[in-house]
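Protein chains: 2
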Amino acid sequence: MAMSEKITVLTGGVGGAKLALGLANLQPPPQLAFIVNTGDDFWHLGLKICPDIDTLIYTLSGAVDPRQGWGIADDSAHVLDSLKRRYAFKAWFKLGDQDLAMHLLRTQAMREQVSLTDFTSSIARRLGIEAAILPMCDAEIPTTILTREHGELSFQDYFVKQRWQPAIQQIRYNVDKEARLSEVVREALTSADMILIAPSNPWLSIAPILAVPGLLDLLESLSVPKVAISPLVGGDAVKGPTAKIMREMGLEVSARAVARSYAGVIDGFVDDLRNPVFQLDWLRATRRDTLMTSLERKVALARDALDWARGWRA
Amino acid sequence: MAMSEKITVLTGGVGGAKLALGLANLQPPPQLAFIVNTGDDFWHLGLKICPDIDTLIYTLSGAVDPRQGWGIADDSAHVLDSLKRRYAFKAWFKLGDQDLAMHLLRTQAMREQVSLTDFTSSIARRLGIEAAILPMCDAEIPTTILTREHGELSFQDYFVKQRWQPAIQQIRYNVDKEARLSEVVREALTSADMILIAPSNPWLSIAPILAVPGLLDLLESLSVPKVAISPLVGGDAVKGPTAKIMREMGLEVSARAVARSYAGVIDGFVDDLRNPVFQLDWLRATRRDTLMTSLERKVALARDALDWARGWRA
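If you read the sequences in order, they're chains S and B.
Quick note on numbering: the numbering used here labels position 313 of the first sequence as 313, and the sequence is numbered without any gaps.
Quick note on numbering: the numbering used here labels position 179 of the second sequence as 179, and the sequence is numbered without any gaps.
Just so you know, these hints were derived from the structure itself, not from any lab.
Same chains, same names: a pair is fine if it fits in one copy or spans any two.
Straight-line C-alpha distance at most 25 Å; calculated PhoX-like pairs for lysine-lysine:
(1) Lys94 x Lys48
(2) Lys90 x Lys161
(3) Lys161 x Lys84
Only chain S is shown next, with the shape it has when bound in the complex (with noise of 0.2 Å):
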């Protein structure tokens, strides 16, 4: 079963894109398959961008900065510094003449009509990427968050340009009647092995893509092992409002939490020693340091959380 495990993975921007790379590089290498939100992306300077696939491409390519975990290594901003100064342009999102260059293509893809879909897939394979990189619809679904302070915000504007600093009131998934679940993340789900929820934003990178109509259905329907990994890290995020948007939600900020927003999801949970113990009748749950500070410990995890599932299915 090793050499052609198919792992099937939901994830969000860098959190998932290190369990990614952590996945990449297992030995033997499992056949993988990456749905990615797409609720961030947006369009900005009349460019089509699109967040969370641009930091797995570019994490699993070897481009990444790693200091940020998203963008290019030592990129330069010519454009966006030449836009600021000689046309007043108003720069709240970053954008690399390097990172640039993944923008205009992909723009110029979508206004010739081609899927999301097929412009990842070839710009992946082109950057050597071997993994399926799977936008979770073609279709756009903004995620837009609803503020006190600032009524409704699209997702960037709440993000970048506020520091996801308003508090939410609530989180909303705009699918469009046209959304369909396509066809490559319908088989991505039903021919995989395991399905894996990696440590990203449950509500911010998560949530959308459950949110596709039909995926949750599907995922339901299925009887491989499904198996998050805690976002949470003694008690609190990694990186990101995690645990400051669970507090504005009313929630407990605790792994429990999280693991109990993916009822129905998930049947196995890979939460960190750091945080508390909890049980969950429904669920089964191992214990590991989730922290992925190193190539060394991405490949760990990621190693460590197929074995415990394969092994509770044995």
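Following the hints, complete the assembly by docking chain B onto the known chain S.
Then chain B, alone, in the frame of chain S:
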């Protein structure tokens, strides 16, 4: 009259921009409008690119690369390098990083249904340009080049990719049914005290302007001085394929043949001292050094041309 004198110029790129800079530096300053060729405009990498407008804007705002006469001085090319290196993009058209800022802003405006006229006017104002920079038309009127070797080529394919080497059989100005003379272009012509034709390529830069529906009739109806400046100096083009195209079209390579191609459009001609003397009974002509190798010479040519035409109208 001098304080409010209105000069309207039909112009292409590099050569016309030199005259434009001379005119813009006249004292007292005339009220200037430039009707700019957009037959070279094209979509590339999903971007709307207007080479002649950009050359004029960069020249008048002082950003231009003085060596090439187009593009921005000291521009880098990190985006293009990334496209080539990472994505094997075939980069036959130079796209500087600072130049890309303009293309991005314009493309966004076009996608938002802003007219090229409005976008150009707004960006020129932002860059501190007092002259009106008027695209010849808001509709696209792409010039195409019929060649024996390659069949019909888009303009930039002929001009940049093939470096204007293929022999021209025919030049086509592809006027769409929707193309209309814009109100600002009409106004710039009807209100002008004098109309100049810049020393741009008559067939590739000026003829596309004259092909805008209604423009030629309007020009012919105006009784103000209409003066062309010779694009040939010493029997050859200062830069570019003017002489080569004349040969390929079976024309004598001479200022006289250029002037005759403007029959019905102009009534005055500023010839270069180095060209053979000629006479046409319908045309007033004067002879000057038209080489604009310094700002002083640009200003001198502009001043001399205006003084001369004012004189013979008095």
